[in-house]
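In order, the protein sequences belong to chains Y and X.
For the first sequence, numbering that gives the first Met the number 0 puts the final residue at 497, and the numbers step up evenly by one.
For the second sequence, numbering that gives the first Met the number 0 puts the final residue at 231, and the numbers step up evenly by one.
Among the hints, erroneous ones may be present.
Computed cross-link-like contacts, EDC-like style, restricted to lysine to aspartate or glutamate with a CA-CA straight-line distance of at most 20 angstroms [said to hold, decoys possible]: (1) Y:K194 - Y:E171; (2) X:K226 - X:D92; (3) X:K16 - X:D92; (4) Y:K491 - X:E196; (5) Y:K491 - X:E197; (6) Y:K491 - X:D36; (7) X:K168 - X:E197; (8) Y:K4 - X:E125; (9) X:K8 - X:E125; (10) X:K145 - Y:D359; (11) Y:K120 - Y:E79; (12) Y:K491 - X:E41.
Think of the hints as simulated: they come from the structure by calculation, not from any bench.
Computed from a prediction, not measured in an experiment: that's the story for all the values here.
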Amino acid sequence: MSRWKIAWRSVQRRGLASALTGFSMALGVMLVVGVVSIHGLVEESFRNNSSIGYNMIVGAKGGSLQLVLNTVYYLSEPVENIPYSYYQEFLSAQQIVDYRDQVGMEELGEERDGQFNLFTKLAIPVCLGDYYGRFRVVGTTPGFFDNVIYDPLEGKRYEFGQGRNFRTSSDEHGYFECVVGANVAREHKLQIGAKISATHGDPEGELHDEHPFTIVGILKPSGTPNDRAVFVNIEGFYLMDGHAKPLEKEDDTGTTAVAGEAEIPNENPESKKVFRPISVREREVTAVLVKTVNQVVTPGLSENISEGPSAQAALPVKEIYGLFHAIVGPIQQMLLLMTVMICLVSGISILVSIYNSMSDRQQEIAIMRALGAGRSTVMSVVFFESIILSLGGGLLGWLGGHFLIGLASPQIEERTGVAIGFVDFPAIRLNDHLDVQIIVDLINVLGRLIGAQPVQNLMLPTELWLIPGLLLLAILVGFLPAMAAYRTDVAKALSANP
Amino acid sequence: MKGDQPLGKMLSLENVKKSYVEPNGDLLPVLDIDHFDVDVGEQMVIVGRSGCGKTTLLHVISGISRADEGTVTVDGIQIGSLAESVRDRFRADTIGYVFQTFNLLPGFSALENVMLGMTFSRGRREAGRARQLLDRMGLSHRLSHKPGTMSVGEQQRVAVARALANRPKLLLADEPTANVDPGNQQQIVDLIRETCEEENVALLLVTHAPEVANQFQRIDRLEEVNKIAIGS
Chain Y
0 MSRWKIAWRS VQRRGLASAL TGFSMALGVM LVVGVVSIHG LVEESFRNNS SIGYNMIVGA
60 KGGSLQLVLN TVYYLSEPVE NIPYSYYQEF LSAQQIVDYR DQVGMEELGE ERDGQFNLFT
120 KLAIPVCLGD YYGRFRVVGT TPGFFDNVIY DPLEGKRYEF GQGRNFRTSS DEHGYFECVV
180 GANVAREHKL QIGAKISATH GDPEGELHDE HPFTIVGILK PSGTPNDRAV FVNIEGFYLM
240 DGHAKPLEKE DDTGTTAVAG EAEIPNENPE SKKVFRPISV REREVTAVLV KTVNQVVTPG
300 LSENISEGPS AQAALPVKEI YGLFHAIVGP IQQMLLLMTV MICLVSGISI LVSIYNSMSD
360 RQQEIAIMRA LGAGRSTVMS VVFFESIILS LGGGLLGWLG GHFLIGLASP QIEERTGVAI
420 GFVDFPAIRL NDHLDVQIIV DLINVLGRLI GAQPVQNLML PTELWLIPGL LLLAILVGFL
480 PAMAAYRTDV AKALSANP
Chain X
0 MKGDQPLGKM LSLENVKKSY VEPNGDLLPV LDIDHFDVDV GEQMVIVGRS GCGKTTLLHV
60 ISGISRADEG TVTVDGIQIG SLAESVRDRF RADTIGYVFQ TFNLLPGFSA LENVMLGMTF
120 SRGRREAGRA RQLLDRMGLS HRLSHKPGTM SVGEQQRVAV ARALANRPKL LLADEPTANV
180 DPGNQQQIVD LIRETCEEEN VALLLVTHAP EVANQFQRID RLEEVNKIAI GS
């Protein structure tokens, strides 16, 4: 019979006390798992999303963190706008002409290479400020889905579960096509062909019912904040009431429309309303998502933009890391510390439970000693008992923690856009803390032999620390009772036997 | 230390003294034995009134307690010279012990209690041997029963099986029938004696029951062996 079995029998014999102490450990570990998982995955998601296909966000001067939160995560209050012409500084003359043709305009700003175009691989305009229910409405160009690779490591692009991307101008719906994120479609039970209208400024704001947008595509869930946003054609967005920047004098297009409103051609006043895009001077964008040609030019370009009078450039990765280091990290550490304290208290309850049982178990220990068990053997049995309670409780807590995370997953995803499954384990990148390049190289050499994809990083699941942590705790709390077992006077305990 | 003892002696005590320290610090002598021995395979009984040091004698022989003076030799080994851990292992390998109050572990089944006796020895841990012994004790139908669900007679038979599980060379039985009803007394004595005889195990049985003692050829009175008991 193994010592583990002897220890297990002892745990069984004190069923209720064992169950309660194991349960208290389970609760502690459950909290640790909850905190580690949720924070780890949210952090990972924040960091991943901060580089989804672009590495710079250009917007109005102000708080750069607010610009990032607003643009990437659709959080925080909307920021001020910058002129559309500033966005065009990131485009080439050809891009400007091509887009002008798509829109169907004769003129759309100066047809020249923008001053930042040389450093720009991709520039996507984003207009914010409207809502559909509680979800943000994003005015943008089709390039948002055609050109952005949101997971550069795996080359993932946004995919459509149903339908297609919206077009700049379509025969069917004009400028009023839109695409909805997976969560929006689910919550509002939206289908392809449905028409939706945004509210201005906030979820309870004035309804833009002058022309609804037709849903032409529903995104597949991507685990990004874009699952909970509505993407409308920027041209249609500009045509909604209050979205065009008011001009001080009548424009020169020969129309009767007031700048910033939809225009009705003079020649056919009775016909159905025909909308024409607004001019460049009336246009503004909230932000421009920029992917630079390479990382080398990014700091210089960012500095150049921010030093100018019109805009600022924010680097999402830097901002998010800063946010985590300044606020989220310390909160996470505090929560972790609290949960570790809970585990310690649970450990002490194991100590008390086993230690209190020692006086009753003097006889058992004496019997085992009389049968030939050494002091170290009975000591190890007590340690094993402590390990069973700690690791057993810990395993239950780990399962319980992940089960609860799995249960809460839909709510978490809905509120944060982060998808967390039952078996998602947050991991730390060892490369950030240790020089593990040799191990990475070795893995890649071995991987090549079996045709595996090369790895860049060595990831270690954070929760793995629970195993040595709980073992150490078990040994610490088992020490006093184990010493009591070690010191048992066999002759005396046997003589005291009733 | 093997070799000093005449061939055929399983147990030998020479000039053994043992005292306990009383709460006030005084020494309380319990054993003072000039000479005592048991032959290989011999079955003998020690009788004596309560408090004359019977249990202490068994503790000293088994190495649970150390003698203050003198030598205790079991199977040719002076156990007083062994380090504690070696003495524990020696006890597990060589000596079986039947307690007056059975001392079965309540959380273990009958079979597990018997196998526990094998756990700490160097010998093979044979479930078959444990089952065979319990079968021999008439308990083949109670293998998975916990001690709390068994009668006292059955519990003591499990204890006997546990003491014999390691194929010991010396079996120490401390009042094995004291807590057993008269109907089971004889059965337990018979089982102990028969099994010891079959396996050539030396038996030292301590009792104060004349009806048990009278069945043995060799009966030693502790009062005659232990000078402290003589004086008390």
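Status of each hint after checking the structure:
no.: 1; hint: Y:K194 - Y:E171; result: holds (13 angstroms)
no.: 2; hint: X:K226 - X:D92; result: violated (31 angstroms)
no.: 3; hint: X:K16 - X:D92; result: violated (25 angstroms)
no.: 4; hint: Y:K491 - X:E196; result: violated (32 angstroms)
no.: 5; hint: Y:K491 - X:E197; result: violated (34 angstroms)
no.: 6; hint: Y:K491 - X:D36; result: violated (26 angstroms)
no.: 7; hint: X:K168 - X:E197; result: holds (12 angstroms)
no.: 8; hint: Y:K4 - X:E125; result: holds (16 angstroms)
no.: 9; hint: X:K8 - X:E125; result: violated (29 angstroms)
no.: 10; hint: X:K145 - Y:D359; result: holds (18 angstroms)
no.: 11; hint: Y:K120 - Y:E79; result: violated (25 angstroms)
no.: 12; hint: Y:K491 - X:E41; result: violated (29 angstroms)
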